[in-house]
Structure formats: structure tokens, C-alpha cells
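J.: Spelled out, the chains give:
Protein chains: 2
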Amino acid sequence: MIDIREFGIQEGISEVIFTTISPEGVANAAPIGMHMKNGKLFARIYNSKTLDNILSKPAAAANIVDDPVLFVQSALSDIEQGKFEFTERLPVLKDALGWIIFDCICRKGENISVVELLPVESNIKRRQIKPINRGFNAVIEATVEATRYVVLKEKKYIGRIDYYNTIVQKCGGPGEKDAMKLLYDLIRL
Amino acid sequence: MIDIREFGIQEGISEVIFTTISPEGVANAAPIGMHMKNGKLFARIYNSKTLDNILSKPAAAANIVDDPVLFVQSALSDIEQGKFEFTERLPVLKDALGWIIFDCICRKGENISVVELLPVESNIKRRQIKPINRGFNAVIEATVEATRYVVLKEKKYIGRIDYYNTIVQKCGGPGEKDAMKLLYDLIRL
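In order, the protein sequences belong to chains A and B.
When you read off a place in the first sequence, starting at 1, and then add 154, the result is the number in our numbering.
When you read off a place in the second sequence, starting at 1, and then add 154, the result is the number in our numbering.
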């Protein structure tokens, strides 16, 4: 029996990185909002590599991560295969603080599918104490805006990214500044 | 020798709750951005109870906290004395994940003072694993805007608080929703 709450997961939406595997054995990583509602876990996933992979092998690992660069990279590009480690069931992220592997039940939609998540295996690698860093939080918000920008190309998203960048430059550490640099590089491609 | 990095404190600004004590023995709590620059710790503190207390007894405890309600309450009102516990040196927060007590060297300014922080005692009470919650982060940003609003009374801050509230309602758990409710109550007084 896996105690989801031991992983700090609560009602609402937890931002994690889903790792999945393609029929060809290629690992993929993407940030996903994992919903918990009345104790049930699910994700709403747009048409994407993550969804294709889940449709071919109905399993996903939720990686709990505190590295801002991993968030930006997995949101806007591909993560190098060297950053994964392979468990029997699925690839997970080497640098995750912990992970939960789920069996997935997918209700396919036209643009967005609802994926129910049933925990089957879990691992806590590292517990830590960490104060709030507004710079880290701003990287996450900037990444959300950047994923919208790359699809919709509306200038307002750049304005919001620039706003969050001022918080990163003021409050963030080296990791957060590297993450923002990468974010700007990836959306300017 | 206290290893500050063991507390997750890095270059940049960490958001913690400072607890201090008045000459009359009354404990006070307030959110403070704790700066680390080239390995040195300091805070920039506006004229406030926290500053008065540090000027009378030059010591402060940085409490690492993950309770959104504590952040809102300590930013916009007073925390009940029952939420403190008293160490030999200073009061700290019962619900802190950990704390560091600092000797303070204060360079008094007219409106804002720079307080150098020299660690003298520390305690890690609880390490944990926790995914990112955008609702939690939004409570922190809303609290920053709310502290500006109560001083400057400009409507733009309410607009920003309302924006962050939409994120809290979408992504937050019960604690985050309670914190936002309290925030709105406290700024409407």
C-alpha cells in the first residue's frame, strides 16, 4: 500500500515531471499537473509524446523534482537520455527527490485526455528542509507561460515571462538564473 | 559550526519567518526575505516591530515554514503567543520545519536597516519530500502584494491578489484556500 500523502501530495494540483517510455524504448519527460480530488489521482494530458507513450504502455512515473533547470528543459525540449535511470517498469529521473509509478487508465479526448493514476510502486530518495524561494517559484510560473507562448505566440506571454524573470534575478540562486537563461534560449529558437 | 546550506539556504533570497522578542517578553513573527550574497547572510528590514525588537535584543530566529496560513497571518497580523515555543535564546515557531538563531548586527537606516546575520544555534525538526504546488506559491506572491496594499492602498495590488487567488483556487489544497480567505479578511479590515 503506497501512502501518497507521505510524498507531500495533497488535494489540488501538484506539479511533477512525468516520465514515460515509447514503444521504441525512448524515455520521455514532461511537467504535468497531477490532480488529487477526493483522494483520487488523475492528470489531464494534451496530445503529446507523454500521451502517445501512455496509450502504448499505460504507465507513468511522477517524479518529484526541485531542480528548476529540469522543469524548464522537460517543458520546452527533450531531456538527455543520460538523465534517466531505468527501473524494471519505467524510466525515472536520476535527480528526482522521489517518484511514484502509476498504472494509467486513459479516457481519450480529442485534444485532452483524462488519465486516472493508480500507484503501483514508489521510492523516496531524499527528504530535505528548504525555505521558500520566490525565484524558484517564478521559474515555474515563467515555464507555464512559456509553454503557452510556444503554442499561441502571443506577446502577452513574453510580458509575463519578463515579469517573472525580474523576480528570478532578484530572489533566485544560480540554478534559477540558469533555468531562466535556458528558458529564453528555448523560446527564441 | 552551523552549515547554512544544510537548511536549503542558497545565494539569493530565502523567504522565512523571523521571530524576535520585545523587552516586555512578547514574541513577534514576521516574514522576512533573508539574503545570501557571497556566503554572507543579511536582511533588509523596514521600521517595524521586528526591527524594534532586534534593536533592543540583537537576535532573531529564521523559521523555515511550509504552512501558508502562518505566512499570511504573520505578514498581515499578529500570531497568537500559543504558536511560539521558547528556547533559551528566543521564541521560535512550534510548526517550523526547522530554525536558525542569529546574532544580529544592525546598520540602522531611516526607513530600512541592514541587519547582518551570524548563526549561533540551529535545529532541523522535520525533513520532507513535497512536490511543487502553484497554489502555495501563489499565496506567497499574494501576501507580498497584500503587504504593499495595506501601506499604499493602490488598487493595482488588489488586481494582482485576485490573479494569484485564481491560481490558489485551481491548484491549492485546503491550507492554501484557508490562507487566501484569511488574507482577504485581513486586508478588508
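If you are wondering where the hints come from, they were derived from the structure by calculation, not from laboratory data.
What you are looking at is a predicted structure, and each value in this text was computed from that prediction instead of being measured.
Treat the hints with care, since some could be wrong.
It does not matter which identical chain is meant; a pair holds if it fits inside one copy or across any two.
What the hints assert, rightly or not - Calculated lysine-lysine pairs in the BS3-like style (CA-CA distance at most 27 Å, straight line): (1) K194 to K335; (2) K203 to K284; (3) K324 to K191; (4) K331 to K248; (5) K309 to K335; (6) K284 to K335; (7) K279 to K324; (8) K194 to K331; (9) K194 to K309; (10) K279 to K211; (11) K335 to K191; (12) K324 to K309.
J.: So, for every hint listed, does it hold in this structure?
T.: Here is how each hint holds up against the structure:
For a Cα distance limit of 27 Å, the shortest separation of K194 from K335 across copies, 25 Å, qualifies, whereas the shortest one inside one copy, 37 Å, does not. Taking CA atoms no more than 27 Å apart as the test, K203 paired with K284 passes between copies only; the shortest distance there is 26 Å, against 32 Å inside one copy. With identical chains, the CA atoms of K324 and K191 are at most 27 Å apart between copies only, with a shortest distance of 11 Å across copies and 35 Å within one. Taking the closest pair of Cα atoms, K331 and K248 come within 27 Å of each other only inside a single copy of the chain (22 Å); across copies the shortest separation is 33 Å, beyond that limit.
Taking the shortest Cα distances, K309 and K335 sit within 27 Å of each other inside one copy (19 Å), while across copies they are farther apart (33 Å). Taking the shortest Cα distances, K284 and K335 sit within 27 Å of each other both inside one copy (23 Å) and across copies (26 Å). Proximity of K279 to K324 under the C-alpha cut-off of 27 Å is found in neither arrangement, the shortest distances being 31 Å within a copy and 29 Å between copies. Taking the shortest Cα distances, K194 and K331 sit within 27 Å of each other only across copies (19 Å), while inside one copy they are farther apart (36 Å).
Taking the closest pair of Cα atoms, K194 and K309 never come within 27 Å of each other, the shortest separation being 37 Å inside a single copy and 39 Å across copies. Taking the shortest Cα distances, K279 and K211 sit within 27 Å of each other inside one copy (25 Å), while across copies they are farther apart (41 Å). Taking the closest pair of Cα atoms, K335 and K191 come within 27 Å of each other only across two copies (20 Å); inside a single copy the shortest separation is 35 Å, beyond that limit. Taking CA atoms no more than 27 Å apart as the test, K324 paired with K309 passes in both settings, with 23 Å inside one copy and 24 Å between copies.
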